[in-house]
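Enquirer: Working from the sequences, and respecting the hints, build out all of it.
In order, the protein sequence lines correspond to chains A and B. Following the numbering used here, the numbering of the first sequence begins with 1 at its first residue and continues without gaps. Following the numbering used here, the numbering of the second sequence begins with 1 at its first residue and continues without gaps.
Just so you know, these hints were derived from the structure itself, not from any lab. All C-beta atoms in this analysis are idealised placements derived from N, C-alpha and C, irrespective of residue type, glycine included. Take the hints with a grain of salt, since some may be wrong.
Quick partial rundown of chain B residues pointing at chain A, CB under 7 Å, derived from the structure [as the list claims (entries may be wrong)]:
1. Gly51
2. Met53
3. Glu66
4. Val79
5. Ile80
6. Arg84
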Amino acid sequence: MGVKLADLNTLENGWLLFNSIAESWVKELLRLRTEENGGFLLNSFANDQLVEDDIVLLGQVEQDGFKELSAILPGTKRRVVAVDGSVVQLGFVGGRALLSLKAAIVEREGRSLRVKVVGPLPKLAWIDENAPSSDTVALLELRRFEAMIQRLVARTAGDALLLFDMPLTRMADLTISGDGTTVVGIAKNSVLATHLGRSLARSGSLALLARRLPQDPIVGAEISVTVVRLAPNGLAFRADVMPADRWVESLSDLAASDALISGYPETLAMAHAFSRHSWIEVVASKAVLEKRLGLKLVDELDVRGAVLLPFDGR
Amino acid sequence: MKVFRKSGDKVELLALSWDASLRLGDYLVAEEDGRRILLQVIDVEYADVPGLMEDILRDLSGSAFEEVERLDPMDVLSVIRSIRDSRVVVAKVRKVNNAEPDVLWLPSRYTSKVRRVEVAELLREVVPVPKVPVKLGEGVVVDVMNVEGSVTLIVGRKESGKSHLSKVLASGLARAGCNVVVLDVNGEYVSLGRRRNGERSEVSELMKVLTPGLNYQVQLASLSDEVLADVMTYALGLPQTSMRELLKLFRDLRRRSVLNFANLLRAVQSVPMNESVREALANRLLTLESTGLFTDDHHEAEGDQLETLFPPDRGVLVVFDISKLSALQRRVFVEYLLSRLKELLLNDEIDPVVLFAEEAHLYLRETYWEDVITRMRHIGISTVLITNQPDSIPALIYRQADNVFMFNMRNGSDIDHLARNLEIDTETLRSMLPNLPQGTVLAWGKVVGRLPVVFKVIDPYLMTLGRTRTKLGRMVQHG
Chain A
1 MGVKLADLNT
11 LENGWLLFNS
21 IAESWVKELL
31 RLRTEENGGF
41 LLNSFANDQL
51 VEDDIVLLGQ
61 VEQDGFKELS
71 AILPGTKRRV
81 VAVDGSVVQL
91 GFVGGRALLS
101 LKAAIVEREG
111 RSLRVKVVGP
121 LPKLAWIDEN
131 APSSDTVALL
141 ELRRFEAMIQ
151 RLVARTAGDA
161 LLLFDMPLTR
171 MADLTISGDG
181 TTVVGIAKNS
191 VLATHLGRSL
201 ARSGSLALLA
211 RRLPQDPIVG
221 AEISVTVVRL
231 APNGLAFRAD
241 VMPADRWVES
251 LSDLAASDAL
261 ISGYPETLAM
271 AHAFSRHSWI
281 EVVASKAVLE
291 KRLGLKLVDE
301 LDVRGAVLLP
311 FDGR
Chain B
1 MKVFRKSGDK
11 VELLALSWDA
21 SLRLGDYLVA
31 EEDGRRILLQ
41 VIDVEYADVP
51 GLMEDILRDL
61 SGSAFEEVER
71 LDPMDVLSVI
81 RSIRDSRVVV
91 AKVRKVNNAE
101 PDVLWLPSRY
111 TSKVRRVEVA
121 ELLREVVPVP
131 KVPVKLGEGV
141 VVDVMNVEGS
151 VTLIVGRKES
161 GKSHLSKVLA
171 SGLARAGCNV
181 VVLDVNGEYV
191 SLGRRRNGER
201 SEVSELMKVL
211 TPGLNYQVQL
221 ASLSDEVLAD
231 VMTYALGLPQ
241 TSMRELLKLF
251 RDLRRRSVLN
261 FANLLRAVQS
271 VPMNESVREA
281 LANRLLTLES
291 TGLFTDDHHE
301 AEGDQLETLF
311 PPDRGVLVVF
321 DISKLSALQR
331 RVFVEYLLSR
341 LKELLLNDEI
351 DPVVLFAEEA
361 HLYLRETYWE
371 DVITRMRHIG
381 ISTVLITNQP
391 DSIPALIYRQ
401 ADNVFMFNMR
411 NGSDIDHLAR
421 NLEIDTETLR
431 SMLPNLPQGT
441 VLAWGKVVGR
451 LPVVFKVIDP
461 YLMTLGRTRT
471 KLGRMVQHG
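Expert: Structural data, given as structure tokens:
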């Protein structure tokens with residue numbers, strides 16, 4: 001009789017695994033109550049590639065023009081699942097930044113809306129000696145966290161349009177279920193959209209800029225990098241689409257399936273809203289850590305503030 | 001709970017929702033290193049939490065969702081809920097370090113401990129151990145020595161519980177050994193001798209119910225010159241010149257032992273005097289006789305020996321049921337009673353009495369109010385005034401009042417009237433009085449160490465007849 005392995009391709013089992021990961025983060029925190037910890041000087045590989053990536057692509061497009069242009073077509077209404085996350089630095093514990101991570105998964109199918117909120121979850125950040133500030137460390141942790149949720153959702157999404165709040169080229173690997181899942185990564189503040197959006201027609205239109213492979217070319221599949229104006233007179237965004245060859249259909253389906261706010265998918269905007277840490281959540285997380293886990297949190301020393309306030313106007 | 005900020009005598013404390021089981025008037029103490037500040041809760045507001053509007057809007061938008069699921073292994077949500085609903089408890093400084101509130105010391109916002117103080121604990125600290133204890137509320141035992149010899153006011157709107165407290169107080173005083181006289185204007189004290197289940201109450205042996213004109217009449221010949229003068233002058237408005245004429249005739253007939261209404265009236269008609277004086281005297285005498293409160297016949301007269309109602313060795317509760325008397329009869333009787341009590345007290349024939357007067361403005365002359373605070377209590381008449389019209393009691397009474405019991409009151413001008421004349425600030429009264437539940441009182445004065453204290457008056461299970469009488473009520477009761 002063989003050992004029965006849990007099928008991670010079901011959502012329930014996926015969340016069970018996630019739960020145990022979150023519990024391991026808490027256990028790591030608890031160890032700090034008793035142990036004298038040294039520094040953890042690890043993890044300096046991932047830098048913010050976004051701007052660099054955008055600028056390279058922009059140069060190429062300005063030199064060669066769009067690879068392909070298309071209008072938004074009449075799309076098919078599909079289930080839309082949006083994922084977004086946020087991070088807040090709660091303080092320092094044992095010399096390491098203590099973060100709070102939170103994510104939201106919003107699912108729209110016709111008029112039905114469902115939301116799953118994950119967190120706030122406390123997590124100790126790895127210390128990155130090369131990171132210019134603890135903010136960067138926090139962003140790296142956020143990307144790891146988001147990627148974990150995104151992978152979990154992608155594996156189990158079925159025939160759905162997945163919306164992520166980031167360019168897909170930045171993802172190390174992404175495996176999607178083979179039953180018609182499409183992933184669209186939307187970047188709001190892309191240099192590409194700012195510069196190339198003007199070239200798009202005011203009516204709904206899209207332009208293919210490039211085909212790219214994700215950071216891990218062995219695991220990941222090809223991605224279409226596009227600039228898109230989903231709604232007439234709406235804003236233009238960078239949108240990365242996977243599978244790469246279905247970029248026109250996928251973005252047309254998105255325009256047909258979701259409400260658009262200034263051209264931005266409402267489901268992703270809702271995921272953004274539900275994933276933000278409110279002030280109350282930050283205070284509550286600190287209270288839980290201090291009162292229930294007995295941790296002592298120390299705020300980061302604001303040298304500028306300490307030296308110059310109250311006369312520093314910033 | 002943590003001290004948040006202070007402005008003047010007002011302190012704001014931050015409390016999470018689980019601390020919010022506070023009630024208006026509750027006492028809190030903020031302590032630090034042996035020093036303490038005593039605070040009284042006068043209001044509770046929502047805390048102005050940063051980002052609250054965004055948070056509520058997000059929550060509101062969640063109602064459009066078919067399903068909202070949360071993965072929250074740390075159970076942060078329970079704390080979030082509590083912070084969202086956090087409160088600002090508004091309190092007034094009542095004492096600092098057991099001194100007055102002008103001492104410049106404040107507890108630390110972070111290290112001071114805030115805890116609730118039960119009324120019983122508070123009273124133990126601010127009032128000496130009662131020599132003659134009477135229980136008025138749960139944990140509230142007052143020394144009725146602070147009621148006898150004092151002016152006590154009980155105010156509140158209709159059916160707020162004033163009469164209930166006055167019955168508890170009157171019964172307690174009588175049981176403690178006081179001479180209690182009740183002017184029962186609504187006939188609601190007459191059944192205090194019975195419990196609601198029909199059994200005899202603890203005051204049944206001490207109680208005597210008298211109805212003037214019915215089982216309490218006074219022989220005309222037994223009236224002293226002073227009592228007659230008070231009744232004729234203050235109750236019937238006889239001018240002084242006419243009074244002198246009447247007294248001459250009154251003394252003459254009494255000296256000859258032929259004093260009765262008929263002879264007095266005959267004398268008025270026959271003796272030479274100014275015609276207008278004659279007419280005034282004749283009218284007043286006929287009116288006095290028509291009240292039925294006074295009689296010629298020594299045998300018919302009952303209860304004329306007022307002094308016998310007050311034995312020196314035990315307390316007594318004498319209820320004069322004046323509910324069925326006309327306005328004139330009430331005025332005449334009350335004037336007689338007060339005048340006679342003064343006489344007996346001045347002659348040391350009885351021990352001091354505590355007089356309970358409900359809606360006294362309906363039957364007491366205006367000059368009586370000054371008497372209350374100048375002469376009466378020195379003579380030995382302590383007064384407990386009960387009213388639902390606080391402005392019917394003059395300001396000078398409030399300012400001299402030793403104890404004030406305030407029940408629910410919603411009329412702003414009534415509350416302002418109290419605030420103007422008492423040592424309690426308007427904010428406290430405006431916050432507390434409209435929100436007091438029925439039967440709960442805000443007490444202030446000697447009995448509670450001059451701190452405003454809120455408590456629910458005990459139910460002594462006495463049969464009370466103070467409810468509003470309605471035909472529909474009777475029909476419903478009888479099916």
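Enquirer: Hint by hint, note whether the structure agrees.
Expert: Hint check:
1. Gly51: 4 Å, holds
2. Met53: 10 Å, violated
3. Glu66: OK, holds: glutamate 66 of chain B within 7 Å of chain A, min 5 Å.
4. Val79: 4 Å, holds
5. Ile80: 4 Å, holds
6. Arg84: It holds, given that the least Cβ distance between arginine 84 of chain B and chain A is near 6 Å, below 7 Å.
Comparing the model with each earlier hint shows a violation of hint 2 alone; every other hint is respected.
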